[in-house]
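Listed in order, the protein sequences are those of chains A and B.
Under the numbering used here, the first residue of the first sequence carries the number 4, and numbering increases by one thereafter.
Under the numbering used here, the first residue of the second sequence carries the number 24, and numbering increases by one thereafter.
For the record, the hints were derived by calculation from the structure and aren't laboratory data.
Because the structure is a prediction, the values reported are computed rather than measured.
Be aware that a few hints might be false.
Straight-line alpha carbon distances no greater than 27 Å define the calculated BS3-like cross-link-like pairs of lysine-lysine that follow [unchecked claim]: (1) A/K58 <-> B/K254; (2) B/K276 <-> A/K58; (3) B/K289 <-> A/K160; (4) A/K160 <-> B/K341; (5) B/K279 <-> A/K58; (6) B/K114 <-> A/K313; (7) B/K114 <-> A/K160; (8) A/K58 <-> B/K193.
Here are some of the chain B residues that sit facing chain A, going by a computed Cβ distance under 7 Å [said to hold, decoys possible]: (9) Q79; (10) Y231; (11) Q236; (12) D241; (13) A242; (14) K244; (15) A245; (16) Q248; (17) A249; (18) D252; (19) K289.
Computed Cβ-Cβ distance ranges for the label pairs, DEER-style [to be verified]: (20) B/K114 <-> A/E177: 41 to 49 Å; (21) A/E310 <-> B/D223: 25 to 33 Å; (22) B/A139 <-> A/L329: 23 to 31 Å.
Cβ coordinates follow ideal geometry from the N, Cα and C atoms, glycine included.
For reference, the chains in residue letters:
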Amino acid sequence: MTTTKRTAKGTNPKRPTRFGNRQQLQQLLAFAGLVVIFGFFSLASPYFLDWANVKGILLATAVTGIMALGATFVIATGGIDLSVGTGMTLCSVMTGVFLANLGLPLVVGVLGGLAVGALIGLLNGLNVSYLRLPPFIATLAMMMVAQGLSLVISGTKPIYFSDVAGFDQLAAGELIPGLPNAVLIFFVAAAIAAVVLSKTLTGRYALSIGSNEEATAISGVDVRRWKVVIYVVAGLFTGLAGVVMASRLNSAQPGLGLGYELEAIAAVVIGGTSLRGGKATILGTVIGALIMATLTNGLRIMSIPQEWQKVAVGIVIVLAVYADILRRGKDA
Amino acid sequence: MNVNSTKRRRFAAVAAATTSVVAMLALAACGSGGSGGGETGAGDKPYVALVSKGFQHQFWQAVKQGADDAAAELDVEVTFEGPETETEVEKQLTMLQTALDKNPDAIGYAALDSEASIPMMTDAESRGIPVIAFDSGVDSEVPVTTVSTDNLAASAEAAKHMAELVGSGKIAIVGHDQTSQTGQQRVEGFTQYILENAPDIEIVDTQYAAGDQLKSADAAKAILQAHPDLKGIYGTNEGSAIGVVKAVQETGKSGKLTVIGFDSGKAQTDAIRDGLMAGAITQDPIKMGYETVKAAVAAINGEELEPVIDSGFYWYDKTNIDDEDIAAVLYE
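Isolated chain A, as found in the complex:
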């Protein structure tokens, strides 16, 4: 039974080229989608294709994009992380506590924000691995806990960073002239995520667990421990998103965040990562996040009412995932 599963799932070392082609094709498909959307809006509105606007799209992608990077790891294992949205909020609130309330140095506050993200991931991982809660439930619970704690800790008030010198430059500054740091951080984070997913044990085990958890365990991998590691990695990205969000708004807004997790998950799925696990690419996620932001931006530039914007995004998600299923069907 186990042997057949292993062969069927495509982890078989005899078919490496086929596997590689498959991923490339998916990325190509998502990228083509992005190009089509870009082309469409460029023709539809004279104001769309303009560096200022592209910068706006990239900036709008940054926060959800960073969250989506983390979510990719969890989804690769066949899990789901619903806590990234409000978890991000908790991280930005805690960054506010560290920097604005306690007056800690900038570096300490930022690392503190990341640490809170890691802690959220650790708890998610422990609950999934050792308490054997389904990921949906474990992270749903964390989503609520994080939302509640954000409100409690902040006293339901935003925390402002006006007195923290340089904090707003984290997102708004331009190390590379013309490119806001928030976007640079997103790209660097994506590069790191890509390396971790494809070149390290964490990434390989994530994909392997997602493709066949039983087989992975039999081959001697401590699946539970590695799942915890994977959730911690996801949490770190949540923390980073929280810090970037706080910096861009120059304040920690305890009421925001709910619903962002769904946008992140949508970006991951559009990028070709399978919700069933075992198949994930970071480039895909980046493209998925860009598609979401480009679509919203373009529709807004065309003054399409917001109600319809959501309909359009929903349809794109269906199309993207259906294209993926069609292609897989041919493959199998």
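For this one, chain A is given, so just place chain B on it according to the hints.
Frame of chain A, contents of chain B only:
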């Protein structure tokens, strides 16, 4: 196997312990925060239950403050609760039901959806519990009075200042909610005024972004991109207005655009002080909370009340932001 299961148990225990510590922390913080309602109407004091539209938003906290002030002054007991976001109609109805079940002497209610609450309004009436509507009206004969800001007049005032400052040309609106009465009136009063009194001004676009700062910023940027010659933007609540300011900053158009906002909050008052925003309309949330409790007490004592109690609004800008009566109603 034996080793494995002890290990599993140990890790399960660790995870369970960590989770419960977090839960306890949350509870402890809740307790010390002192925001948790208090006792139900068991004592001798009359008990007024307030169900608001929101909770963590600064505006609602200011309403709560006014209600608490009145409670202390008139020696009544007041509880205040509301859903986390202003779209959770169902959750709010549950809160209203719970409030009714506590058998209060009067109820203050800010309906998210006035139609949906009619059965409960009837229930309150049949049990002789007077209902005071606040913030927005309820389509029902039951409420003895409505304490609210005249949103049409308030947004017309915003339009008047926009017209004076801009003179002529294109302007746009970033709204916060196209489904609630308040959200609609904030746009309607503004649009109406411009149509009737400022023929040289054209409203080229109205986009809604749920009062989310990031999304409002992205929406405003898209509008700016599509209309490079735009001369002014009006944001219909705190989140929308701050988002507009963010967009103007990020596109480097500070000072070239007239931004008018609504409500307050530190980010908005800072923007007005720094000249990024021309001015804003503030409601008087403290008075709203105060008048609601005062009307409730009057209703309990069987006094006659006016059908509508206006809780007032003010225009504020750089010149009067520090005036005593303005500063008193602005919240951080």
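Results for each hint:
1. A/K58 <-> B/K254: holds, 22 Å
2. B/K276 <-> A/K58: Between B/K276 and A/K58 the Cα gap is close to 15 Å, so the pair holds against 27 Å.
3. B/K289 <-> A/K160: OK: B/K289 and A/K160 at ~10 Å, within 27 Å.
4. A/K160 <-> B/K341: holds, 24 Å
5. B/K279 <-> A/K58: Cα-Cα ~20 Å, so holds.
6. B/K114 <-> A/K313: With Cα atoms ~23 Å apart, B/K114 and A/K313 stay inside 27 Å; holds.
7. B/K114 <-> A/K160: Judged against 27 Å, a Cα distance of about 22 Å means the pair holds.
8. A/K58 <-> B/K193: holds, 24 Å
9. Q79: holds, 4 Å
10. Y231: At 5 Å from the nearest chain A Cβ, B/Y231 passes the 7 Å test, so the hint holds.
11. Q236: It holds, given that the least Cβ distance between B/Q236 and chain A is near 6 Å, below 7 Å.
12. D241: holds, 5 Å
13. A242: Check passed: Cβ of B/A242 comes within 6 Å of chain A, closer than 7 Å.
14. K244: Since chain A brings a Cβ to about 4 Å from B/K244, closer than 7 Å, the hint holds.
15. A245: Constraint on B/A245 satisfied, holds at 3 Å.
16. Q248: holds, 5 Å
17. A249: holds, 5 Å
18. D252: With Cβ-Cβ at 11 Å, over 7 Å, it is violated.
19. K289: holds, 5 Å
20. B/K114 <-> A/E177: 41 to 49 Å: For A/E177 against B/K114, whose Cβ atoms are near 43 Å apart, the range 41 to 49 Å holds.
21. A/E310 <-> B/D223: 25 to 33 Å: At roughly 31 Å between Cβ atoms, B/D223 and A/E310 fall inside 25 to 33 Å, so the hint holds.
22. B/A139 <-> A/L329: 23 to 31 Å: violated, 42 Å
Of the numbered hints listed earlier, those contradicted by the structure are 18 and 22.
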